[in-house]
Structures are given as C-alpha cells and as structure tokens.
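Q: Sequence:
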Amino acid sequence: MKSMDRRGLVELRAEDMMATSQDQSLGSSSDENCQLRFREKLLAIDLELKFQDVESLKFLCIGFIPQNKMEKCRSALHLFDYLMTGEMISVKDPFFLAELLYTIKQNYLLRHLGYTKKQVECLLPIRGKLSPFRKLLYELSEGIDEENLKDIIFLLADKIPKVSMSPLSLLAYLEKNTEIDEDNVILLEKVFKKVAPFLLRKIENYKREKAAQEVTPPVDKETESLPQGQEEIFTPSDIKQFHGALTETIMYRMDRKHRGHCIIINNHSFTSLKDRPGTHRDAECLKLVFEWLGFTAHKYDDVTKGVMDKILQEYKSHPGHADGDCFVFCILTHGEFGAVYSSDGVLIPIRSIMRHFTAQQCPGLAHKPKLFFIQACQGPEVQTSVLTEADAQNSKHLSLMDSVPTEADFLLGLATVPGYMSFRHIRDGSWYIQSLCNHLKKLVPRQEDILSILTAVNNDVSQQVNSDGTLRQMPQPAFTLRRKLVFPVPQNALLLL
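Sequential numbering of the sequence shown, starting at 1, is according to UniProt numbering.
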C-alpha cells in the first residue's frame, strides 16, 4: 500500500512537472507574442512619423537617453529600442511614449498604444515624466518661425557655431553648453524680448509654476481621487491600469538588480583646518547600515578637491546606475552654509556636487531617488565643551533650497539648520549621523519611508544636549522627491558598532 502511495506520488509529481513545463512553455510563447505585437505597434507608429517628428522626440528624450546613444538615433525605431532598453517603455507600460506623442501633437497615433487623448491628459499629472523645463523649450521651439530663427542666430552669433540650426537644435546647443538650464532662463528672456515677445508669456508661466512647486509640499497621491464623473472616461481595463499607475506613483521602485551605490566622503585631517576626531565612527556606521540595506558602499578618507572631482566624474557616468534603484552620497567634513570643505581646504558648493547627478548629467539615475547626507556645520563656530566639537567655519544667510537642484528626485539631509553648528563627539561620532544610522536600523524594518525616518531623526537630535546642557542642534532635510521612498526590509539583523 505504501509502495502504491509512493508510486502514485511519484506519478503525480511527474504530472505536475509536465504541467508546469507546459505552462512555462505556454507562458514563454505568450510573452514572445506580446513582445512581437508591441513591436508591430511601434513599427506602425514609426511609419507614420515624419523626420521633424523624430527630431522632436529625440529632443524630448534628452536626459532619458545617453548623449552618445542619442547621436546614433537615425529613426524612431532606434529611439524606441533605447527607451525599451532603459525600461522607459514596455509591453505593460507604454505610457511614456504616449506622453511623447501627445506632446508633439500626434494624438491620432495614441490608438496604437490603446490610449485616447483624454485618457493621456488625465494620467499626465501622476505619470508624466517630462520636466517643465523640457516642455517649455519644446513649446518655445514651436513658436519660432524662420524669420525669428534668423534673428536669434544673429543675436547669439558669439555663443553658437556657424552651422545650420533648427529651433530645437539651437535650444539643445544652448542647454548643452549651460547657457540655459532649469534655474536660468535669463538668456531666453533677453532674446525673446527682442525677437518674439509673444513667447515671453510661456517663460513667465514656467517661472511662476516652478516657484509654486518649490514652496508647495508634494501631494500624497494615496489620498488623491479622480474628479467627479471622471470614471466615465475609463473602461474597466483602463481603471485597472490607472490603479497600477497610481501604486507605482506612490512609491519609488526598489526591485532592480541591485540597490545602488553609497559614496562616503570622510574627511578627518586637513591641511589648513583642525582635525575631526570621531568622524571614523560615523563613516563606519554609515558603511555598515547602507551595506545592510543592500547598497555597495565606497568609503574615501581625507578627500582633496582634485580627488573629489575624480569621484564625482566616476560616479556621474557609472554604468551600474542603470540597474540600480537608488544613489546615496554622504559627506563628513567641515563646512559653511551651502558648501563643504575638501581636505586641502577648498570650499565646494553642495549644489555643484549634487548637479553631477541630474538626469541631464547622469541619465542612469533619471527618475530614481538621489540621497545626500551632509555632516558639516552650516553656521559660525562657537565655544563648545571638551568632548564636543563643531564643524563650522563661517556663516552665510541663504535659503537651504538653494543647495538642492530644482529637478525632481533629490533629497538633501543636513545635520543642522542654516546658520547653526552641528556637533560631533570626538569618540562616539556626530549626533546627526549616529541618529540617522540608528533610526534607519530601527524604522526600515517597520517599512517607514525616508521622510518619516528623517522626521524621527530631527526629533531625536533636537532633544540631545552637550555635557553642560547649553548646546542643542536641529537637523533639516530639503527635498524634491515625488514619491515615497521605502527601503525593502533586509533579511538579516544588524548590530551597529
């Protein structure tokens, strides 16, 4: 009887294996068919696009596709291939292509992707990837006629090469050569005031919306709902897709091949400033915690300005970003407001460090969270107790947001509010970094998002005082994150040093 049971069990398992094998075969075949049908749709779109349409798509994709690959694009099909390789579009999610077609007013092609113009308009507020600056430049290019173009080229003769240019190539050249960017449209205002004053309204609208975004806290997409009557626009399958898009919008993706890179700049000894005892404790704790979170951590000690430049260039173009979820950059050093010191005493603006990792400069990190944690004073040095030291050198009265690129997906965590000191114990490390490491260890397993964790860090550090009870500190984050950042819970426990 037992033998029969065992034989039956073997047969059952064999049947299960055959069924599983057949299911996998069918699933594989189904996936291949879906891919084929999707490529057929892309081919149909390509056949209906003109040369100027392709040039417009290439311009809109600046920052999403590396420049060297963009230069090789000779057709929309090449562009589509790069977008699929970069996971910007897929069989399950072609919305970014729908956004591109909508932007260049090729709405009749949306049918190939299963969208209508009205559906795209409803989804853009939560799924749109194009930056306001990119859309501004495209809208300006549409308003430039041949006469306007000749006048603009004449006015900018000392800034541009003497070659034939279209409105798009002209604007792309100015942007590439940093004559204009999302924070600087002064040249555009001067030129269009002389040549095409009717376009100034677009620039003013852009500046107004940009200013409003900087002072308005991000909306929690989880609490948003469709306007009354909106459900009539969507079919059941559209609603399902919309729900999936909403879920994706709420949280950053954290399921790629690896978590990402964590860079730790640890300056203890300086050529012209005092040493920072206790900083090695901070550096080791950061390395331990972020490796626990799945990052590949790289620690650099006593970094000069020259070495810092090399590090920034290396990780700005690091190929590993493409398969990573996130990027972390930690700096432990002396500082002034809005800037940090290299070990050879050179003052480096925090903003100039962060700008290496914008989508334009580092396409591999486009639409991914980029976190910067700075342990350095942001105000004047004062007398402290024996075991508590300050990392301050001088003070400047500026806005904290001046250090953060206006582009989305950045977070800057400063050890202290503008104008004030941050404190570091010469044996146990700094108040801020130690609290950050401990709260990451404590709250990540509870699936708290990064802003909630930093709020807990603020509360913890604000309650700490030095030995005689006279000195306090309050950290401050600034961010342009568009989604919640929740790190996956590590499987192994972590014991901090």
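Treat the hints as calculated values from the structure; they're not laboratory data. Hints may be right or wrong, so weigh each one.
To be verified - Simulated crosslink set (EDC-like; lysine to aspartate or glutamate; CA at most 20 Å straight-line):
#, residue 1, residue 2
1, K72, D53
2, K202, E179
3, K194, E121
4, K193, E182
Q: Against each hint, give a clear statement of whether it holds in the structure.
A: Taking the hints in turn, this is what the structure says about them:
| no. | hint | result |
| --- | --- | --- |
| 1 | K72 <-> D53 | holds (16 Å) |
| 2 | K202 <-> E179 | holds (19 Å) |
| 3 | K194 <-> E121 | violated (34 Å) |
| 4 | K193 <-> E182 | holds (19 Å) |
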